[in-house]
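**Student:** Here the protein sequences line up with chains A and B, keeping their order. Per the numbering used here, the first sequence starts with residue 1, numbered consecutively. Per the numbering used here, the second sequence starts with residue 341, numbered consecutively.
Treat the hints as calculated values from the structure; they're not laboratory data. Keep in mind that a hint or two might mislead.
To be verified - For the chain A half of the interface with chain B, some residues (derived, Cβ under 8 Å), not all of them:
1. Y18
2. L58
3. R81
4. P87
5. R132
6. R152
7. Y236
What the hints assert, rightly or not - Quick list of in silico lysine-lysine cross-link-like pairs, DSS-like style, CA-CA up to 27 Å:
8. B:K717 / A:K82
9. B:K801 / A:K262
10. A:K275 / A:K262
11. A:K59 / A:K19
12. B:K717 / B:K801
13. B:K610 / B:K801
14. A:K19 / B:K761
15. A:K262 / B:K385
16. B:K761 / A:K138
17. B:K385 / A:K138
18. B:K610 / B:K717
19. A:K59 / B:K610
20. B:K801 / A:K19
21. A:K253 / A:K275
22. A:K82 / A:K59
23. A:K265 / A:K253
Cβ coordinates follow ideal geometry from the N, Cα and C atoms, glycine included.
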Amino acid sequence: MSESNQPTIEIRDLRHAYKRQQALRGVSFSVEQGSIHGFVGPNGAGKTTTLKILATLLKPQSGTVRVFGFDVVDDYQSVRRKIGFMPDHFSLYRQMTVQEYLDFFAAAYGLDLRERTRVVGDVLVLTDMESRRNDLIKGLSRGMQQRISLARVLVHDPTLLLLDEPASGLDPRARIELMDIIRELRRMGKTIFISSHILSELAMLCDSVTILDRGAVRYSGSISGLSQGNGETADYLLSLAEENPAAEAALRKVSGVIEVIKPAKAPQYRVSFQKQETDPNLLLRAVLDSGGQILGFQEVVRHLNQAFMDLTEPGVPPVMMEATDDAPPVPTVPNSGGRA
Amino acid sequence: MKLPVLALFERSLRLETRSALMAWSRAGLLILILFVMIPIQSMAKSGWFGAPGLHFLQELVWLNLVCITLAGLSYFASAITEEKEEMMLGLLRMTDLSPVAILLGKSTSRLVGALLLLLVQVPFVLLAVSLGGVGLLQIAAAYGTLLAYLFLVCNLALLFSVVFRNTTTAAAWTFAVLLSFLIGHYWAAGLEQYFASARHVNLQRGVWPMLTTVIDLWRRAAPSDRLGAIFQTGFAGPAIGFQVASNLVLGVLLFLLAWLVFNRCTREEKDAAPSRGWRWRRATRCSRIPPQLVGLRAVSWKDFTFISGGWPGLLLKFGVVAFLVAVCNFIALYFDSRKDITREFEGLVLIWVSLIMTAVCLALEAARVFQDEIRWKTLSSLVTLPISVHELAYRKVAGVLAGTLPLLAGLVLGGLLVPEKIGEFLNDLCRHPVGFGVLAITILQYVLFLHLTAFLSLILKRGALPLAVAIQYLGGSFFMTFLAMGLSLGRADPGAIYFIIGFICAVLTAVLHRAIGLRLTRAAAEE
Numbered sequence: 001m002s003e004s005n006q007p008t009i010e011i012r013d014l015r016h017a018y019k020r021q022q023a024l025r026g027v028s029f030s031v032e033q034g035s036i037h038g039f040v041g042p043n044g045a046g047k048t049t050t051l052k053i054l055a056t057l058l059k060p061q062s063g064t065v066r067v068f069g070f071d072v073v074d075d076y077q078s079v080r081r082k083i084g085f086m087p088d089h090f091s092l093y094r095q096m097t098v099q100e101y102l103d104f105f106a107a108a109y110g111l112d113l114r115e116r117t118r119v120v121g122d123v124l125v126l127t128d129m130e131s132r133r134n135d136l137i138k139g140l141s142r143g144m145q146q147r148i149s150l151a152r153v154l155v156h157d158p159t160l161l162l163l164d165e166p167a168s169g170l171d172p173r174a175r176i177e178l179m180d181i182i183r184e185l186r187r188m189g190k191t192i193f194i195s196s197h198i199l200s201e202l203a204m205l206c207d208s209v210t211i212l213d214r215g216a217v218r219y220s221g222s223i224s225g226l227s228q229g230n231g232e233t234a235d236y237l238l239s240l241a242e243e244n245p246a247a248e249a250a251l252r253k254v255s256g257v258i259e260v261i262k263p264a265k266a267p268q269y270r271v272s273f274q275k276q277e278t279d280p281n282l283l284l285r286a287v288l289d290s291g292g293q294i295l296g297f298q299e300v301v302r303h304l305n306q307a308f309m310d311l312t313e314p315g316v317p318p319v320m321m322e323a324t325d326d327a328p329p330v331p332t333v334p335n336s337g338g339r340a
Numbered sequence: 341m342k343l344p345v346l347a348l349f350e351r352s353l354r355l356e357t358r359s360a361l362m363a364w365s366r367a368g369l370l371i372l373i374l375f376v377m378i379p380i381q382s383m384a385k386s387g388w389f390g391a392p393g394l395h396f397l398q399e400l401v402w403l404n405l406v407c408i409t410l411a412g413l414s415y416f417a418s419a420i421t422e423e424k425e426e427m428m429l430g431l432l433r434m435t436d437l438s439p440v441a442i443l444l445g446k447s448t449s450r451l452v453g454a455l456l457l458l459l460v461q462v463p464f465v466l467l468a469v470s471l472g473g474v475g476l477l478q479i480a481a482a483y484g485t486l487l488a489y490l491f492l493v494c495n496l497a498l499l500f501s502v503v504f505r506n507t508t509t510a511a512a513w514t515f516a517v518l519l520s521f522l523i524g525h526y527w528a529a530g531l532e533q534y535f536a537s538a539r540h541v542n543l544q545r546g547v548w549p550m551l552t553t554v555i556d557l558w559r560r561a562a563p564s565d566r567l568g569a570i571f572q573t574g575f576a577g578p579a580i581g582f583q584v585a586s587n588l589v590l591g592v593l594l595f596l597l598a599w600l601v602f603n604r605c606t607r608e609e610k611d612a613a614p615s616r617g618w619r620w621r622r623a624t625r626c627s628r629i630p631p632q633l634v635g636l637r638a639v640s641w642k643d644f645t646f647i648s649g650g651w652p653g654l655l656l657k658f659g660v661v662a663f664l665v666a667v668c669n670f671i672a673l674y675f676d677s678r679k680d681i682t683r684e685f686e687g688l689v690l691i692w693v694s695l696i697m698t699a700v701c702l703a704l705e706a707a708r709v710f711q712d713e714i715r716w717k718t719l720s721s722l723v724t725l726p727i728s729v730h731e732l733a734y735r736k737v738a739g740v741l742a743g744t745l746p747l748l749a750g751l752v753l754g755g756l757l758v759p760e761k762i763g764e765f766l767n768d769l770c771r772h773p774v775g776f777g778v779l780a781i782t783i784l785q786y787v788l789f790l791h792l793t794a795f796l797s798l799i800l801k802r803g804a805l806p807l808a809v810a811i812q813y814l815g816g817s818f819f820m821t822f823l824a825m826g827l828s829l830g831r832a833d834p835g836a837i838y839f840i841i842g843f844i845c846a847v848l849t850a851v852l853h854r855a856i857g858l859r860l861t862r863a864a865a866e867e
């Protein structure tokens, strides 16, 4: 595999336990270069543990974790030069001024005076904190402190940013501004691995996503793949003018239809079918032939919120990976059907 | 029926009684009593001294006095400040809890815990009567003294904990006032005598009789004076003296004062961010990292600047050394009937003042150098620098050591003033290996103490330094006992004893050194 298409992050069968509590149970996924990868899961799913392992703060107990091909245990110093880790809390020297804080980290990463003057200026412009450079950090608002944390992560120009809950506790404006900064960073060629609970924003921001639950991967792949299921089946919502049991029976008889669900009291039907065996036109024809009067017919696209709810429900089997060049596709994203 | 005012107090007591730490403390205390008793009995059997029971009681009571004083600096002084630092006091105030309920819950519950630690000793201390040389009345009077002093210390620390914003300031004020309380009356009496003899002041006229009475009451209120009287042979009471009554009354007054100022001092919740020390509030050209300090040196610069105080801190330390030397000169000229200050005197004073200041500063900084990073959750961002945790720790220590340069400069300057004394000292070391052994063990013990302080600061939320002092005090006592027994029994070569003790110190230091590295790595991951 050439360096250009080598995954930025490559995790294989990662396991980690705290005393008797198994935090990660064989986690495997990868993140492509230059992408924004969302990392979601309920509280206690193992997100922060994975992030800490990626940031070389924690040694994995088993499995392999590679960042740009460097092992996080054996080559931790190379990994640290490539990453910028922003933890889920403010890791700030609040007695310092903004300038002193960023200058300190730039110097600690080995930048000479001229270079760090330029870099500190650049990151302050990027995070829109230039006017506050001489203010004490302890006097800044939460949103500003978050921006300073992000600015600190950027001073050594890392290629991979590991952001743990960067938008937690921020007001809507600050969140939107933070998302803009992250998009700008992607345009600059950085890979961004972002853990967050704000799924709607992740859905708009990310190219790919990994959903983790109880230490196991429930899904890993593109956002579009998540929305469209596994690509082999499709869900459509059919609205009729009035109740028509004959139309429902006709739908069930169409070849390739997996199930027909009536989700509400209204005359609506949710139809799941195999794409290879049938197509939406055949469904429409079957309804019309049975005397049904169609008011609406649309594909059900699952949003990240919905997928998250479905995948993190108890009883959902783990490890559903989207097809990649290396790994054959496995069945993905089970549809609950009842929550359209 | 449960009183609302006692709700928090009751809850704290319940937690305290269930606390594993308290259970371990009680168990440790009992083991300690045994450790104190065994060597004393052995020495008494060897004819070193009579009245082993009295020696046993003395040893325990003085140890308790030191521990109570140290508890005042950490355990009691943080009662309210810890809530302020965690920005939780506002939430507590928003509940139905009244100020007195908060004070009882946060401080008096700790007092009860400490009282129990004292009382649990009593049945074992009664063994002193069997050992001989001490009566029940002396034991009762000694423990009464300690209980009253504990009550006073707790409430004094509580007052400062209410008044000040952080534990460090509260502890510093508690220390200063306790020190004045314990030994200030000697100085006051000395000054009074000086005025009477040197300035021919008639102490029977004007305000002097009243001052004399105040100084006398002060002396009688101090536990050290009272304990001195109790340990006299033939002590005949009373079991509860003026010291007990005065300490209890002062304690109550301090509690009432803390209650009175509680609302005023805690009305506004202020940011408990670490202090900027003596640096300008705004960044200046001087506050930027010097161009040559790149990479690991920047880490040292940060700790030199924000833990040791930076250049202003250097100047201040130099100023403190100069001030203390001036005070010594003043005392020598006016109280020690010296006619003039010699070069030799000046050099020796400078050396001792610099040594003591260096030891104190290093101990204070050892307690802060790693703990500040954990407390303010900044360790994870430092640990992700492309260096190992060990390099990071050494660089931080180097920054702190740079802050003691003016003190070492004082030491060198003192040495230059009395080169002949330094030469004599070195000659003595060469001629008497025992002296060399003592010096080596002193240095090793101090290095061990710094490691112990730094390690405790990584595992305890507060009180690392006082606890390290207590542990070192105990260790020092055992060392002295071990040494004395070895030498008195004539069975051991002093060199061998020094070697064993030095070896133990070195091994313990190495273990703690390793443990600090492991704990730092773990703490960064736990943030």
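**Student:** Can the restraint linking K801 (chain B) and K262 (chain A) be considered satisfied, given a maximum Cα separation of 27 Å?
**Tutor:** Distance of about 59 Å is beyond 27 Å: violated.
**Student:** Does K19 (chain A) sit within 27 Å of K59 (chain A), going by the straight-line distance between their CA atoms?
**Tutor:** 14 Å, holds
**Student:** For the pair we were handed, K717 (chain B) and K801 (chain B), check the Cα-Cα distance against 27 Å.
**Tutor:** Answer holds: K717 (chain B) to K801 (chain B) is near 13 Å, not above 27 Å.
**Student:** Identify whether the interface hint at R132 (chain A) stands, where standing means a beta carbon of chain B within less than 8 Å of its own.
**Tutor:** With a minimum Cβ separation of about 11 Å from chain B (threshold 8 Å), the hint on R132 (chain A) is violated.
**Student:** Does R81 (chain A) pass the interface check with chain B, least Cβ-Cβ distance below 8 Å?
**Tutor:** Since the shortest Cβ distance to chain B is 5 Å, the answer is holds.
**Student:** Quick one, are K610 (chain B) and K717 (chain B) close enough, alpha carbons at most 27 Å?
**Tutor:** Holds, at roughly 19 Å.
**Student:** For the hint on Y236 (chain A), does the least C-beta distance to chain B fall short of 8 Å?
**Tutor:** Interface hint status for Y236 (chain A): violated (48 Å vs cutoff 8 Å).
**Student:** Has the given pair, K801 (chain B) with K19 (chain A), been kept, meaning a C-alpha gap of at most 27 Å?
**Tutor:** Given that 27 Å is the threshold and the Cα spacing comes to 23 Å, the pair holds.
**Student:** Does K610 (chain B) lie within 27 Å of K59 (chain A) when you go C-alpha to C-alpha?
**Tutor:** This hinted pair is violated, its Cα atoms lying about 38 Å apart.
**Student:** Would the pair K385 (chain B) and K138 (chain A) pass a check requiring their Cα atoms to be no farther apart than 27 Å?
**Tutor:** 64 Å, violated
**Student:** Decide if the proposed pair is consistent with the structure: K19 (chain A) and K761 (chain B), CA atoms, cutoff 27 Å inclusive.
**Tutor:** Violated, at about 59 Å.
**Student:** Can you confirm whether the C-alpha distance between K761 (chain B) and K138 (chain A) stays at or below 27 Å?
**Tutor:** 51 Å, violated
Checked against the numbered hints given earlier, this structure breaks hints 1, 5, 7, 9, 14, 15, 16, 17, 19; the rest are met.
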